[in-house]
Structures are given as structure tokens and as C-alpha cells.
Amino acid sequence: MIFYKKKNKYLSIFIFLLPSVLGLIVFGILPMLGSLSLSFSEWDIISGPPKLIGLDNFVNILKSEEFWRVLNNTLYYIILYIPLILISSLSLALLLNNNFKGIKIYRTLYYIPVITSWVAGSLIWKIVLNPQFGVLNNILNFIGLQGPGWLYDQSWAMPGIVLASIWKDVGFFGLILFSGLRGISPTYYEAAKIDGANSWQRFKNITLPLISPTLLFVIIISLINSFQLFPQVMIMTQGGPNGATQVMVERIYKYAFQYYKMGYASAFSWLLFIIVFVVTLVQMKLQKRWVHYES
Amino acid sequence: MSHNKLKGSIFFYFSATLIAIFMLLPFFWMISTSLKSSGSVMTIPIQWIPENPGFNSYRKVFEIFPFARSIFNSVFVAVATTLITVLSSAMAAYVFAKFEFKGREILFSLYLATLMIPKQVTMIPNFLIIREIGLLNTFTGLMLPSLFNAFATFMLRQNIKTVPDSYIEAAVMEGSSQFRIFKDIILPLVKPTLATLTVITFMEAWNRYLWPLIVLTDRSKMTLPVGLSLLNGQYGEQYNLLMAGSLISIIPMLLVYIFAQKYFEKGLSVGGIKG
Numbered sequence: 001m002i003f004y005k006k007k008n009k010y011l012s013i014f015i016f017l018l019p020s021v022l023g024l025i026v027f028g029i030l031p032m033l034g035s036l037s038l039s040f041s042e043w044d045i046i047s048g049p050p051k052l053i054g055l056d057n058f059v060n061i062l063k064s065e066e067f068w069r070v071l072n073n074t075l076y077y078i079i080l081y082i083p084l085i086l087i088s089s090l091s092l093a094l095l096l097n098n099n100f101k102g103i104k105i106y107r108t109l110y111y112i113p114v115i116t117s118w119v120a121g122s123l124i125w126k127i128v129l130n131p132q133f134g135v136l137n138n139i140l141n142f143i144g145l146q147g148p149g150w151l152y153d154q155s156w157a158m159p160g161i162v163l164a165s166i167w168k169d170v171g172f173f174g175l176i177l178f179s180g181l182r183g184i185s186p187t188y189y190e191a192a193k194i195d196g197a198n199s200w201q202r203f204k205n206i207t208l209p210l211i212s213p214t215l216l217f218v219i220i221i222s223l224i225n226s227f228q229l230f231p232q233v234m235i236m237t238q239g240g241p242n243g244a245t246q247v248m249v250e251r252i253y254k255y256a257f258q259y260y261k262m263g264y265a266s267a268f269s270w271l272l273f274i275i276v277f278v279v280t281l282v283q284m285k286l287q288k289r290w291v292h293y294e295s
Numbered sequence: 001m002s003h004n005k006l007k008g009s010i011f012f013y014f015s016a017t018l019i020a021i022f023m024l025l026p027f028f029w030m031i032s033t034s035l036k037s038s039g040s041v042m043t044i045p046i047q048w049i050p051e052n053p054g055f056n057s058y059r060k061v062f063e064i065f066p067f068a069r070s071i072f073n074s075v076f077v078a079v080a081t082t083l084i085t086v087l088s089s090a091m092a093a094y095v096f097a098k099f100e101f102k103g104r105e106i107l108f109s110l111y112l113a114t115l116m117i118p119k120q121v122t123m124i125p126n127f128l129i130i131r132e133i134g135l136l137n138t139f140t141g142l143m144l145p146s147l148f149n150a151f152a153t154f155m156l157r158q159n160i161k162t163v164p165d166s167y168i169e170a171a172v173m174e175g176s177s178q179f180r181i182f183k184d185i186i187l188p189l190v191k192p193t194l195a196t197l198t199v200i201t202f203m204e205a206w207n208r209y210l211w212p213l214i215v216l217t218d219r220s221k222m223t224l225p226v227g228l229s230l231l232n233g234q235y236g237e238q239y240n241l242l243m244a245g246s247l248i249s250i251i252p253m254l255l256v257y258i259f260a261q262k263y264f265e266k267g268l269s270v271g272g273i274k275g
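Chain order of the listed sequences is U and W.
Number 172 in the UniProt record's numbering belongs to position 172 of the first sequence; there are no gaps in the numbering.
Number 89 in the UniProt record's numbering belongs to position 89 of the second sequence; there are no gaps in the numbering.
To be clear, the hints were calculated from the coordinates, so they are not data collected in a lab.
These numbers were taken from a predicted model, which means no experiment stands behind them.
Heads up, a few of these hints could be off.
In silico EDC-like cross-links for lysine to aspartate or glutamate, where the CA-CA straight-line distance does not exceed 16 Å [what the hints assert, rightly or not]:
| id | chain 1 | residue 1 | chain 2 | residue 2 |
| --- | --- | --- | --- | --- |
| 1 | W | K161 | W | E105 |
| 2 | U | K254 | U | D56 |
| 3 | W | K161 | W | E100 |
| 4 | U | K104 | W | E265 |
| 5 | U | K261 | U | D44 |
| 6 | U | K261 | U | E42 |
| 7 | U | K9 | W | E169 |
| 8 | W | K60 | W | E237 |
| 9 | U | K9 | W | E237 |
Quick look at which bits of chain W chain U covers, simulated, 3 or more residues with Cβ under 8 Å [claimed, not checked]:
| id | segment |
| --- | --- |
| 10 | 11 to 20 |
| 11 | 63 to 70 |
We put the beta carbon where it would ideally sit given N, CA and C, even for glycine.
Work out the full structure, taking the sequences as your base and the hints as a guide.
Next up, the structure:
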């Protein structure tokens, strides 16, 4: 460690840490404690101070039909989104892991949705998915299929949001998996080729195990993101039709900033935290069965 | 062999182009819709290329909403947020990497612990704090929480750790102040990480939606995403207006992307950790 003059040292530490630690305390730790105590209280922001009501918020949320519907909607999203994003981003990564001419241009193009804001992306997809005047149904029509009502249809609204999310995220996860593929030493493939392994065997026995840590990362991040779905829903459906796309963050936002039920919304946000935490923990536990780390 | 190669390259270009069409078609539709008149947005059969293209919807978007103001706000907020985040995080990272003091490890693990907590948990009290100090509807209130960024601090700490102690010692001997050491030795040596963080922080600040939606209520204060969502609420069926607005909001980010592509790709692949 470096030798500093004592007096100067502590003054420097103080000054250099001040902005960041002030931020940590005021916008990190205090709000955590505040949110926890709010979640045991009832408060409409306007009248009087918050009133402690114990576990009532949590009990009411868990007893409400709405909470389970919201969870159900989220699961519907996850069941469609996770397999689709894994397959599409892995395929994209495999495709990009080539040396064809012009590959850089393709990579640049695939990235444009990633840098587009979710608000603009959702607006675009709202129009792409319009049942009559949108591009998608007109293409389906052209190949002889009758497209659904998408965002206007209770059972097709969530798949519509999933489609938009795949479009937005595939370039991002594709790039992460692509850098994972880049890390695999070509000697493995050469050895396998000499042993006479065909391309499917090489994929199954070399690529998949060696990329499994990156896949785990992609699964964890995309699951966390799935529970935090928000702008898509706010812009495309407002939680409709008939509550079919209501999700946790959208509920938290509306309870807090439209109905001014601060305590109820805080309790909701802690439930979100617990769910995300448990899901991530389960992932970490399950990984031992399928993730392969090179020793 | 060469036959196989040909088959391979046909397969590659075919699939790569197909995916590119899927990625770009929505943007094409956005541009096409934005150039249509209100009447020709909803016609059957649809017009892939507008019959009478015009910039009416662009003009109208600026008339009904202080859109020029929003563009300025977005640029200002994104640049200032990036500066605040990167500078404050680099300062803290320097201390965590190169100074020894009691409680350092505990403090740093507090930083890492906050990474696990979803922003939605702290969002409500943060709003109340900003409201309490009278900063609702101000850019200061919008940006103040950016002083603290655990992820950026972590990244920079890892990088600053690799700077040899002897460089700093030599400067201390020569009597340089800590500020000079930070500015002239540390920062130049971690430039690539700074660049990467700058780019991802800028993009996040540019695209941020939920926090500005809560803090900014005045139309003249709104950033582009919030303005667009308000536009969507009031003119939700005027597709040409919505698409004109969306296009305007995408272009600045697109330009930054084209000029700093290298840092984007690096930044996004490490930025994923943040979720």
C-alpha cells in the first residue's frame, strides 16, 4: 500500500468519497429503510403521517385476485419469452461467429433495436401490431394466414409484447453469447473433427457445455428483466385488455403515483424483490446440474 | 470442399438478411407511417410507401408539443447525468482501490449489496425525498440520485487496482496533490473503461423512462421518452404523429452509436451485469 501523509490521507478519502457515499446514503440506504417501513403502513401522501398497520398490506395483496393475475401474466410472458430469446440469441451468436464478408454491417444493423429507447420501440410495435393496418398482419395475410387481434385480444396481447421484446433484446443477448463463443479455443473443434464428430455432435458436446456459463448469465438477466417489465406495457396496452397484460412494476407505478397508496405500492415492490431474489437463488442452485466450468 | 463453402455462404447471407429484415422492418414502417397524411395511415390495402409523402406530421408534432424543448432537455440531462455518474464513481473507485482505511470493505460490500435491489423498491422513497427537498420537476432532482452508481464504481475500482502503486508513490514524493494524481495519472490510465462507462451511462440516461415519468410533470421539463408517452396518451390513434416523434427521438442516439460503436459493443456486453 501507498504511503500517504496521515492528515492529507483522511481529508482526501473524505473529499473523494463524499459525492458517491452521500448518494448511497440518501438515495440507496435511506430509501431502502423507508420503503420497508412504508410497506407496513398506510399512507395517501396528502393527509397526515403514515399509519402503521402491520402486515395488512402484504395480506391484502396476497389475498387479492389481482396479484395472482399479475403473476400469471408474468409467467405467461416468461414461458414464451425465455425459450424464444434463448433460441434466437444463440442462433444469432452462432451466425455471427463466422468470417463472411460484410458480417460487421449485419452486426451493426442487429444492434439498432438495442439502442432504441423502450418507449420509441413500444410505439413502433404498437403500430406494427395493429390488427388491420399493421405490417405484421398484412404479411400474414399475404401468405394466407389470418392474424390475431394482438394488443386488442386478451390472449394475444402478451404474445405481442413478447414479440416486441424479442426484437429489442435479441441483439443484446446475441452479442453476449457471441463473445462467449469467441472464447472457445478452436483446438477443441479441430480435435473433434479428427475424431469424426459431425457438426451437431460438435455443437452438443463442445459448444453447449463451454458456453453454459454465458447461457446461465443470459437466463438470469432475462428472468430478472421479465419480472421488471414496464415501458412495453405502459405504452402498448396500459395493462389491458381486461387486465391481461398487468404486471408488477406497472401495478407498483399505478398504486403509488395514480392511486396514491404509498404503503400498498411499497409492499408490492418488496414482494417483487422477494420473487426476483428467490428465482435468482433457484437458478444459482440449479446451475450445478448443467453449467460446466473449465478447470 | 468449395461446394460446401458455397452452400455455407448462401445459407449465411440468406439467414443474415432475413434477420436484418425482421430487425429493420419496424423502422421502415415507422418512417413510412410518419410521412403519411392522417387519412392514409388507415387505409386498406396498406401503403408500404406513402402515396403522397409529406412532412406534415413532423410540423404538427412540434406544434402540439414543446418537442424542440424536449430534445434539448434530453441532451442536457443525458450529458449531465453521464458526467455526474462517471466522475463521482471514478472518485469513489480511486479511494476503494488505492487507500486503506477502517471500514473500507464493509462500505464497499454495501455498494455491491445495492446491486441486488430492484430500483422499484427505492423508487417511491426516492420520490418522497426529492419532493421533501423541493426538487420535484427539476433536472437537479432528476439527476441527483445518479451521484451513486454501484456498478460504475465497481468497474472502475477493478480497473484502477491495476495501476501500479509506484506511479502514485512517485507523484506523492514529488509533492503532487491527490487531485492532480487523480486527474493526471489515474484517469488517463483507465480511459478505455471510462469511455465504455460513458457510452452505456449516456444511453441509459437518454432512454430512461420510469424515474423521469415520476419526477417531471411540467411539459416544458420533459425528456423525450416522457414526452412521447404523453403524446401517446393524448394522440394515441394518430399514428403518423407518434412515428414522427419516435423517429426524432431515435436519431440522436443512432448518431452516437455510429460514432462510438466500439465502446457500445464492449459496454453492452459488460453492462448486462447490471440488468
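Here is how each hint holds up against the structure:
Among the hinted pairs, K161 (chain W) with E105 (chain W) is consistent with the structure: their alpha-carbon atoms are about 14 Å apart, no more than 16 Å. Taken as a hint, the K254 (chain U) and D56 (chain U) pair is broken in the structure, with Cα atoms around 19 Å apart against an allowance of 16 Å. Simply put, K161 (chain W) and E100 (chain W) have alpha-carbon atoms about 13 Å apart, close enough for the 16 Å limit, and the pair holds. Of the supplied pair hints, the one linking K104 (chain U) and E265 (chain W) holds, its CA atoms being roughly 12 Å apart against a limit of 16 Å.
At most 16 Å may separate the alpha-carbon atoms for a hinted pair to count; K261 (chain U) and D44 (chain U) meet this at roughly 5 Å. Taking the CA atoms of K261 (chain U) and E42 (chain U), the gap is near 7 Å; set against the 16 Å cutoff, the hint holds. The hinted pair formed by K9 (chain U) and E169 (chain W) meets the criterion: a straight-line CA distance of about 13 Å does not exceed 16 Å. For the hint pairing K60 (chain W) with E237 (chain W), the CA-to-CA distance comes to about 14 Å; that is within 16 Å, so the pair holds.
Of the pairs offered as hints, the one joining K9 (chain U) and E237 (chain W) is violated, with about 62 Å between alpha carbons and a cut-off of 16 Å exceeded. Under a criterion of three residues with beta carbons nearer than 8 Å to beta carbons of chain U, the stated coverage of the segment 11 to 20 of chain W is upheld, 6 such residues being counted. Proximity of the segment 63 to 70 of chain W to chain U, defined as three or more residues with a beta carbon under 8 Å from a beta carbon of that chain, is not established by the 0 residues found.
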